[in-house]
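Trainee: Single-letter residue listing:
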Amino acid sequence: MNRRDFLKNAVMSGAALTIPLGMAPFLSLAGGADRPDLAVVRGPSPARITRAAVNELGGIRRFVSRGEIVVVKPNIGWDRTPEYAANTNPEVVAEIVRLCYEAGAKKVKVFDHPVSDARRTYKQSGIAAAATASGALVSFVDERKFKDMAIKGQLLKTWPLYTEIVEADKIINVPIAKVHGIATLTLGMKNWMGIMGGSRGRIHQRIDESLVDLARFVRPSLVILDAVRILVDNGPQGGSLSDVRRLDTVIAGTDQVAVDAFGTTLFGMKADALGCVRIGHSAGLGNMNISRLRIKRLTI
Amino acid sequence: MKLHLQVKNIRRFSQALFLILFLWLFLQTESKGANELGYPVKIFLDADPLVWLTTIIASRTFYGVFILALTVIIATIILGRVFCGWICPLGTLHHLAGNLKKKTAPNKNTGLYRTKYLLLIFILVLAFLGIQLTGILDPLALLIRSLSLSLYPMFSYALRSFFDGVFAYNIPLITGGSEFIYSFLKRAVLPFNQPSFLQGISIGLIFFLILALNLREKRFWCKYLCPLGALLGILSRYALLKRSVSEDCDGCGACLRNCQGGACLLGSPGGAVMDKAKAWKNAECLMCLNCDDPCPKNAVSFGFSRKPASAALDLGKRRIFSSVLAGVAAAPLLRISPLAKIGASEPTLIRPPGALGEEMFLKRCVKCGECMKVCITGGLQPTFLEAGLEGIWSPVLVPRIGYCEYRCTLCGQVCPTGAIRKLNLEEKAATKIGLAMIDKGRCLPFAHTMSCIVCEEVCPTSPKAIWFEEVRLRDRQGRETILKQPHVDLSLCVGCGICETKCPVLGRPAITVTNLGESRSKDNQLLL
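Read top to bottom, the protein sequences are chains W and A.
Position 56 (the first sequence) corresponds to 56 in the working numbering; numbering is contiguous.
Whatever position you read off the second sequence (first residue = 1), add 300 for the working numbering.
I should point out that these hints are in silico values taken from the structure, not numbers from a laboratory.
Warning: the hint list may mix true and false statements.
[What the hints assert, rightly or not] Simulated restraints on C-beta separations:
| no. | chain 1 | residue 1 | chain 2 | residue 2 | range |
| --- | --- | --- | --- | --- | --- |
| 1 | A | I506 | W | T81 | 25 to 35 Å |
| 2 | A | M750 | W | G135 | 36 to 46 Å |
| 3 | A | G477 | W | R292 | 54 to 64 Å |
| 4 | A | S496 | W | D272 | 42 to 52 Å |
| 5 | W | D272 | A | A730 | 37 to 47 Å |
| 6 | A | I471 | W | G284 | 40 to 50 Å |
| 7 | W | D272 | A | H748 | 22 to 32 Å |
| 8 | A | A458 | W | K106 | 55 to 65 Å |
| 9 | A | G477 | W | D34 | 46 to 56 Å |
[Claimed, not checked] Dumping the calculated BS3-like pairs for lysine-lysine here, alpha-carbon to alpha-carbon at most 27 Å:
| no. | chain 1 | residue 1 | chain 2 | residue 2 |
| --- | --- | --- | --- | --- |
| 10 | W | K145 | A | K784 |
| 11 | A | K597 | W | K123 |
| 12 | A | K722 | W | K123 |
| 13 | W | K147 | A | K486 |
| 14 | W | K147 | W | K157 |
| 15 | A | K486 | W | K106 |
| 16 | W | K170 | W | K107 |
| 17 | W | K123 | A | K802 |
| 18 | W | K107 | A | K486 |
| 19 | A | K802 | W | K147 |
| 20 | A | K402 | A | K308 |
| 21 | A | K332 | A | K486 |
| 22 | W | K170 | W | K106 |
| 23 | A | K822 | A | K641 |
| 24 | A | K486 | W | K145 |
| 25 | A | K308 | A | K332 |
| 26 | W | K123 | A | K486 |
| 27 | W | K170 | W | K123 |
| 28 | A | K802 | A | K740 |
| 29 | W | K170 | W | K147 |
| 30 | W | K270 | A | K641 |
| 31 | A | K332 | W | K107 |
| 32 | A | K597 | A | K308 |
| 33 | A | K332 | W | K145 |
| 34 | A | K802 | W | K157 |
Predicted model only: the values in this text are computed from it and were never measured.
From the three backbone atoms N, C-alpha and C, an ideal C-beta is built for every residue, glycine too.
Kindly generate the complete structure, drawing on both the sequences and the hints.
Mentor: Next up, the structure:
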C-alpha cells in the first residue's frame, strides 16, 4: 500500500464512519436478532467509543458473567509511548477492564509477552498504569506458566502457550491495527503471538497458517480492534509520529476473521488482502465477506 | 568503660547502616520501566577517593561530583581510617567473615602490611602513565562487581530454583504459600530476570577466596591488600584523633586480640612495655575502638590533639623503588598488543552506547560492573581479553545474550566515572555502537527459500535499518515463491543487536553485529 492509496481510503472510511445512526442505543436493546456482527464506533474519547462499541454488540453482559475470570489481552509488545501507535491504546484497555467488572467479573487479568523488555513496554505503553487504575491484575509473564499445549492445528500441532489464557473463563482480544513486514498487517489474530512461549520467531516462516491455528485454539469471546491511532509505516513498532494516523475508531466483534477483514480496509486494502483472513475464512473460523455482514457504524 | 561500650555499638550500628544502604542501593540498580533510575546508586563509588584520584590522574580530566570523595579525604585527615572501620561495606563483610575464625590470635606484626602500600604505589604509577587498574583491586569496585556478576545471580538462582521446585510439585497449601512468599521476594529482593554473566564463576571464586583469607587472619584484605585502605592510611598519618596509652599499661596484650587493623603492637614478653610511642600504628588503625574495652587497666583511650604516639610508617626505600619500577614496566607491557591497531581490534568488542573512545574509556572504566547489573536485557557482559589485559572485566555487549534496548540509557546513568556518558533519548537514538551484517549462507530467505524477516520486524529505528526486497525464487520442486530478503541500511543501523538476539537461526545467527562503525571511534569506520 502506498501513502496515496492510504490517504484516499482514510478519507473514504472516515466519511463512512461519520454517518450518524442515532437509533443505535435503542436498537441494541431489541435483542439478538438485530445485533450487528461488527460495531464500528468513532469519536474523540477512546474510553467512550469502546464502551459504545460493546453496547452496540449487546452490552458487556453478553460476553462476561458474574464471577468469571477474564483475560484482556492487549498488544504491549514494544517500548513505545501511546502516541506512537505501537501498543494498544491504554484508555481502550482500561475501559474494557471497567466494563468487565461492571458485569461482575471476579478477576480481570491483563498481560502480554512482549518483544522488547517487559518492564519498559508495560510502563511506557501506559497500559500497566491505566489497567491497574481500573482494577485489573496486571502481571508480567511468568516463564513457568508456558506449557506445551495440543493446538491440533493444520500446521501447529503443539506449542508452549500461556496457561492463564487457557484457564480463563473469558478472553477478550484487544489488538491495535498496524502494518507489519511479513504479515502485511498485524490485527487481531496476530495478537495471539503474545501468548506464545518458546522460539516463536520461527512461525514467521508460515505466519498465516500459524496464526489461524492459534486463533482457532484460543477463541476469544470478544475482539476489540483499537484504531484510535493506527501505524501505517515502519511497523510493527513504528517510532515516528509521521507514520501514525489518528482514526479515533474502535471495531468490536465476536468473529475474529470479520474484525481483521474490516481492519484491513482501514489501510486501503481489500478485506481479503491478508493471508490469515483468507485461510481463516476458508477454514470456517469466520466470515471475511464484510459486505454481507451487519456493520453498525456510530459516531459519538 | 560503659561509655566506650556504647561507642563500639555505635560503630557496629554505623557498619550495619552503611552495609544496608549499600545493598539497598545495589537492589535499586535495576530498571522499573521508566527512563530514569531515580536513585543515586553509585554514591559509594562517588565517595571512593582512590577511584576519584586515579581516574583524574589517568584521564587527566576532572569529572563529576567530588564532594563525597573530598568528604572522605577530609574525614580521614581528621579522624583516621573511619571509612574502613565504620563505613566500607566490604570491610564490614570481612569483619563478619572474621567471626568465623575460631580463635582470635594476636596480630602477628609481620611486614605484610606493607603490601597494600606497594600495591597503591604500583596503581598510582600506572595511573600517572595513563593506565587505570584501580578497579581490579579497589574494594568498592571489587564488591559491586562480585555482587553484580556473581553473588546476586547465585542468590537469585538459589531462591528461584527452590520456589520453582515447590511450584512444579504443586503440593496443596504449601505451594500456595510459597508462591505468595515468592511473589513478595520478586518485588523486594529478586532481579526481574535471572542474571547470568560470562566469568561469573571465576569472579565469584576470587571473591570467596578474598573472604576466606579472614580464616587465616581477620580482615586479611584490609590489613594487607586493600589499596584504598593504604591511601586512607597515608592520609591518616597525622590524623587528629589518636590513641593514647597511659602509664598503667602492663603489656598484657588484651588489646591485640580484637584489633581489626593490625595497628596494636605486642609488648615485649614478660609484661614489660615496649616503647609506647611505637605501640600503635595509626595508619593501620581502622578506628574500630575494639582495643578500648578489653583493657583491664583501662589504659587505652582515644582523643583529639594528643601528642603524636605512633610508630612510623616504614615501607623501605628499596621496596618503594621496586614498586615504582614494576609500574613503569607494567605500563608498556600492557600496551604492546596489536589490538590497538586500526582494523585489528576485536570486532566483537561492542561497547555500551555513550562509551568514550576506547583509549579514554579504559582510563575511566573501573570495572565495577554497575552497567552490567543495570543492563535491561543482560547483554552487557564482562570482557576477558577482548580489550587486552588492561580492559579485563570492562563491559561488552554480547548480542547473542542480550541486545541494547533502543530507548534505554541506564548504563550511562550508573557509570561512576563517566566512562559511559549519560545520554538523552535523542543522543541515544543517534549513537551507533556497531553495525549489523547478514550472513547470506545462513539467512532463511537467502539460503533456504524460506520466509522469515524477524530482523526487520524487531529493528527499532525509524525508518527501519533493515529493509527487504521482494524476490521471486523457485524452490526444489520448481514452484515459484515470492520471498522477502532482508538488507541492512548501514547509515541507519545503530548496532543495537536486537536482530542478532531475535534471529531464529540460533547458535550462530544469520545476522551479526560488530563494532565497525561505532560512533565513538574516528577510525573504526566503514562509510564515507
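Trainee: List in ascending order the numbers of the hints, as given earlier, that are violated by the structure.
Mentor: As far as the earlier hints go, 1, 8, 10, 11, 25, 30 are violated by this structure, in ascending order.
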